[in-house]
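Student: Read off the chains here:
There are 2 protein chains.
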Amino acid sequence: MTLNPDGGHYEQLFSKAAQRVAHQSSILVDLPNETPETISLAFGDADPHIFPAQQITASVAGLLAEDVDAVMNYAPADARLLAVVQQRLERRGVSVDPSQLMITYGSSQVLGLLPQIFVEPGDTIIVEGPTFLGAVEYFAAAGAHIETIPVGPQGMDIEALAACLLDLQHRNIRPKFIYTIPTFQNPTGTLMPAIARARLVALAAEFGVLVVEDDAYGDLHFKEHNSPSMLTLPGSEWVLHIGTFSKILAPGIRMAWAYGPPAVMKRLRAFKSESDCGTFVTRLVSYMAQDGWLDRHISSLRSHYAAKSTAMVAAIAEHFPKDVRTNVPEGGFFVYGYLPQDLPAVPLNDIAIAHGASFLPGTTGYANGQGTHEMRIAFSFQTTPNLVTGITRIGAAMRELRARNS
Amino acid sequence: MTLNPDGGHYEQLFSKAAQRVAHQSSILVDLPNETPETISLAFGDADPHIFPAQQITASVAGLLAEDVDAVMNYAPADARLLAVVQQRLERRGVSVDPSQLMITYGSSQVLGLLPQIFVEPGDTIIVEGPTFLGAVEYFAAAGAHIETIPVGPQGMDIEALAACLLDLQHRNIRPKFIYTIPTFQNPTGTLMPAIARARLVALAAEFGVLVVEDDAYGDLHFKEHNSPSMLTLPGSEWVLHIGTFSKILAPGIRMAWAYGPPAVMKRLRAFKSESDCGTFVTRLVSYMAQDGWLDRHISSLRSHYAAKSTAMVAAIAEHFPKDVRTNVPEGGFFVYGYLPQDLPAVPLNDIAIAHGASFLPGTTGYANGQGTHEMRIAFSFQTTPNLVTGITRIGAAMRELRARNS
Numbered sequence: 001m002t003l004n005p006d007g008g009h010y011e012q013l014f015s016k017a018a019q020r021v022a023h024q025s026s027i028l029v030d031l032p033n034e035t036p037e038t039i040s041l042a043f044g045d046a047d048p049h050i051f052p053a054q055q056i057t058a059s060v061a062g063l064l065a066e067d068v069d070a071v072m073n074y075a076p077a078d079a080r081l082l083a084v085v086q087q088r089l090e091r092r093g094v095s096v097d098p099s100q101l102m103i104t105y106g107s108s109q110v111l112g113l114l115p116q117i118f119v120e121p122g123d124t125i126i127v128e129g130p131t132f133l134g135a136v137e138y139f140a141a142a143g144a145h146i147e148t149i150p151v152g153p154q155g156m157d158i159e160a161l162a163a164c165l166l167d168l169q170h171r172n173i174r175p176k177f178i179y180t181i182p183t184f185q186n187p188t189g190t191l192m193p194a195i196a197r198a199r200l201v202a203l204a205a206e207f208g209v210l211v212v213e214d215d216a217y218g219d220l221h222f223k224e225h226n227s228p229s230m231l232t233l234p235g236s237e238w239v240l241h242i243g244t245f246s247k248i249l250a251p252g253i254r255m256a257w258a259y260g261p262p263a264v265m266k267r268l269r270a271f272k273s274e275s276d277c278g279t280f281v282t283r284l285v286s287y288m289a290q291d292g293w294l295d296r297h298i299s300s301l302r303s304h305y306a307a308k309s310t311a312m313v314a315a316i317a318e319h320f321p322k323d324v325r326t327n328v329p330e331g332g333f334f335v336y337g338y339l340p341q342d343l344p345a346v347p348l349n350d351i352a353i354a355h356g357a358s359f360l361p362g363t364t365g366y367a368n369g370q371g372t373h374e375m376r377i378a379f380s381f382q383t384t385p386n387l388v389t390g391i392t393r394i395g396a397a398m399r400e401l402r403a404r405n406s
Numbered sequence: 001m002t003l004n005p006d007g008g009h010y011e012q013l014f015s016k017a018a019q020r021v022a023h024q025s026s027i028l029v030d031l032p033n034e035t036p037e038t039i040s041l042a043f044g045d046a047d048p049h050i051f052p053a054q055q056i057t058a059s060v061a062g063l064l065a066e067d068v069d070a071v072m073n074y075a076p077a078d079a080r081l082l083a084v085v086q087q088r089l090e091r092r093g094v095s096v097d098p099s100q101l102m103i104t105y106g107s108s109q110v111l112g113l114l115p116q117i118f119v120e121p122g123d124t125i126i127v128e129g130p131t132f133l134g135a136v137e138y139f140a141a142a143g144a145h146i147e148t149i150p151v152g153p154q155g156m157d158i159e160a161l162a163a164c165l166l167d168l169q170h171r172n173i174r175p176k177f178i179y180t181i182p183t184f185q186n187p188t189g190t191l192m193p194a195i196a197r198a199r200l201v202a203l204a205a206e207f208g209v210l211v212v213e214d215d216a217y218g219d220l221h222f223k224e225h226n227s228p229s230m231l232t233l234p235g236s237e238w239v240l241h242i243g244t245f246s247k248i249l250a251p252g253i254r255m256a257w258a259y260g261p262p263a264v265m266k267r268l269r270a271f272k273s274e275s276d277c278g279t280f281v282t283r284l285v286s287y288m289a290q291d292g293w294l295d296r297h298i299s300s301l302r303s304h305y306a307a308k309s310t311a312m313v314a315a316i317a318e319h320f321p322k323d324v325r326t327n328v329p330e331g332g333f334f335v336y337g338y339l340p341q342d343l344p345a346v347p348l349n350d351i352a353i354a355h356g357a358s359f360l361p362g363t364t365g366y367a368n369g370q371g372t373h374e375m376r377i378a379f380s381f382q383t384t385p386n387l388v389t390g391i392t393r394i395g396a397a398m399r400e401l402r403a404r405n406s
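Taken in sequence, the protein lines are chains A and B.
Read in my numbering, the first sequence has 235 at position 235, and its numbers run on one by one without any break.
Read in my numbering, the second sequence has 19 at position 19, and its numbers run on one by one without any break.
The set of hints was computed from the structure by calculation and includes no laboratory data.
Since this is a predicted model, take the numbers as computed values, not measurements.
Just to be clear, a hint being listed does not mean it is correct.
Said to hold, decoys possible - With a cut-off of at most 20 Å between alpha-carbon atoms, the simulated DMTMM-like pairs for lysine to aspartate or glutamate come out as follows:
id	chain 1	residue 1	chain 2	residue 2
1	A	266	A	159
2	B	16	A	120
3	A	308	B	120
4	B	266	A	11
5	A	16	B	69
6	A	16	B	323
7	A	16	A	120
Claimed, not checked - Simulated coverage check for chain A against chain B, where a stretch passes if three residues somewhere in it have a Cβ under 8 Å from a Cβ of chain B:
id	region
8	41-49
9	53-59
10	108-115
We treat Cβ as the ideally placed atom computed from N, Cα and C, and that holds for glycine.
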């Protein structure tokens with residue numbers, strides 16, 4: 001028998017799920033070719049100027065001085081960080097059973113585990129269009145069939161969802177879950193109203209489908225609003241909630257949480273193969289949440305990002321043609337734009353990059369090829385002067401493309 | 001249709017692999033009931049007195065001052081930490097292809113991913129007996145049939161392995177992998193000689209079975225030795241090597257690496273659902289490896305643990321009955337003992353705890369119920385005075401149990 005470790009007989013060693021990996025292809029769209037000089041408004045990175053570097057250094061010192069053994073050795077799940085998250089959820093009206101809560105390495109870990117827990121090839125998943133395609137990539141890689149529900153000015157179109165669920169039921173298809181970002185959605189920045197949330201969770205319970213509520217941006221609201229977490233709504237036993245410290249502390253920290261039905265949490269724990277997250281980082285985050293520091297930090301982030309959002313919206317009003325329609329965000333990291341027919345996003349972005357600025361074409365948010373005339377513009381990363389310059393340059397690119405066409 | 005999110009119809013949402021989770025039971029043996037006053041020699045925790053707290057704090061400060069954006073924002077795989085690991089492997093004679101290397105959240109993550117990649121229920125896995133049962137637990141939970149090869153004074157009994165592989169082949173069973181800890185084995189502390197390693201890798205290539213070389217303790221040798229990593233041996237294309245910063249930096253940091261065949265690495269990456277490890281911790285570890293600091297730290301760890309090992313071996317010679325046979329470790333964290341017939345480990349440990357000290361009964365290292373007259377004694381965690389006191393107490397427990405029996 002000839003054995004070849006990279007194919008042939010070697011492949012027989014793999015589990016069925018691992019053999020499928022060989023045939024996976026990506027649904028992600030190629031990203032624009034920015035240069036180092038480009039003012040990139042494409043990505044939702046956090047603003048590096050407000051990372052709490054001093055607080056992190058001081059916290060590491062304090063933490064290690066307090067109990068180096070607890071921080072650096074093996075230890076069970078970090079009860080302190082779980083308590084921090086529990087308290088934050090309870091303040092939002094969620095009745096928390098701690099056994100249904102877990103700490104994860106970023107939201108990505110939960111999103112990556114979902115298909116392992118729910119998807120056999122050919123299973124149906126429902127997502128928003130546009131959405132965070134990084135999540136959908138995980139579902140598609142597992143062989144899921146993706147149904148896309150349009151996002152309007154108030155988030156996912158719930159009546160379109162109801163029609164989709166009914167249609168699937170008529171075809172004897174029970175979808176595995178509905179993936180939604182109801183609060184300051186990525187990429188549209190929209191906020192789903194309370195009444196739509198209630199209807200969504202009621203539909204999930206009626207059709208026996210899990211709702212995955214990705215709440216990455218929920219804490220970054222620019223004014224008060226009354227859209228509740230889906231965990232507080234009737235039917236919440238069908239809700240898996242995902243939250244993260246990425247936007248309110250730092251993405252590089254890679255700490256997030258999941259809260260959901262016991263049967264789902266049991267499986268998330270079983271498939272989170274390395275078991276608990278490390279003591280060092282979990283303790284660091286809980287240490288930084290002490291004495292209200294994290295709340296004060298979040299409060300300053302809200303003002304900071306609100307001011308940047310306002311600056312971008314003003315620059316857009318000044319520099320974009322009037323027939324480019326944009327959402328005015330009430331929180332989060334993004335302005336979303338709808339382009340007229342003569343301004344397709346991909347060629348526009350190429351011209352914008354030649355002008356020294358970039359955005360994310362709408363096609364990068366759809367699993368079905370839509371979004372050719374949509375654009376996501378992030379105000380999170382760049383400085384305010386750069387935001388204004390970037391919008392000015394994209395506006396110039398719009399006029400240039402329009403001039404070429406006429 | 002009545003829907004119940006914690007069972008019944010809800011279970012239908014899960015993938016086949018996730019449905020199996022409901023029926024998993026643990027192979028782990030209950031651990032002794034220590035009290036807070038017990039001098040525990042049971043667990044292989046690192047010595048908290050030599051955690052480099054100052055260096056960690058200074059490195060976090062330096063790192064954040066250097067480039068807070070790179071450390072705290074989203075970023076691709078940490079090239080710096082990969083380069084650190086590559087260099088360390090190359091110094092051991094491994095010819096490294098960087099595309100076959102990955103950073104993971106502790107060795108546990110790799111061990112936990114292995115069954116997802118290799119195991120369908122009923123598949124056969126070969127492990128050492130005794131071994132690190134935490135790893136075997138992952139394999140058993142996936143429904144693997146576990147074959148146990150005895151560990152002698154020079155590690156795994158390679159002739160017993162050869163006989164096992166031949167027997168399995170006669171029964172048309174191709175095992176998925178052989179899990180071995182060849183260097184300062186957990187729990188026996190044994191060092192597999194170079195010739196046995198070469199034979200093991202040759203057998204793996206002959207029978208078409210992956211070797212998983214868990215090298216958690218390899219850097220902690222008390223004197224030079226000439227047992228190479230299996231990655232340097234003919235047939236190394238059948239070797240998946242796992243190394244970790246847990247023993248040489250701190251377990252709470254949760255950083256490890258895997259190096260192996262491209263097809264295996266491709267699947268480890270696909271199943272490591274959260275993708276790269278976080279920038280903060282990966283950058284911290286690579287920062288600490290700069291300018292030879294990590295090498296100097298490892299050197300001091302070697303002397304530190306060698307001295308503790310020597311103290312424990314001397315205390316054992318003084319306080320244990322002469323018919324208790326123990327391995328003298330050349331590295332790692334453990335002394336392993338073989339008990340005479342009248343001193344079974346579990347009752348002995350109960351008496352030891354009453355005397356104020358504990359060890360790990362040998363049964364905790366076997367998936368097949370063996371090890372009733374074996375014991376693992378960790379010299380890693382306790383201070384040297386505590387080690388000596390602990391051994392004295394266990395020796396007294398041995399005499400007490402013997403007196404009861406006579």
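Student: Determine which of the earlier numbered hints do not hold for this structure and return their numbers in increasing order.
Tutor: 1, 3, 5, 6
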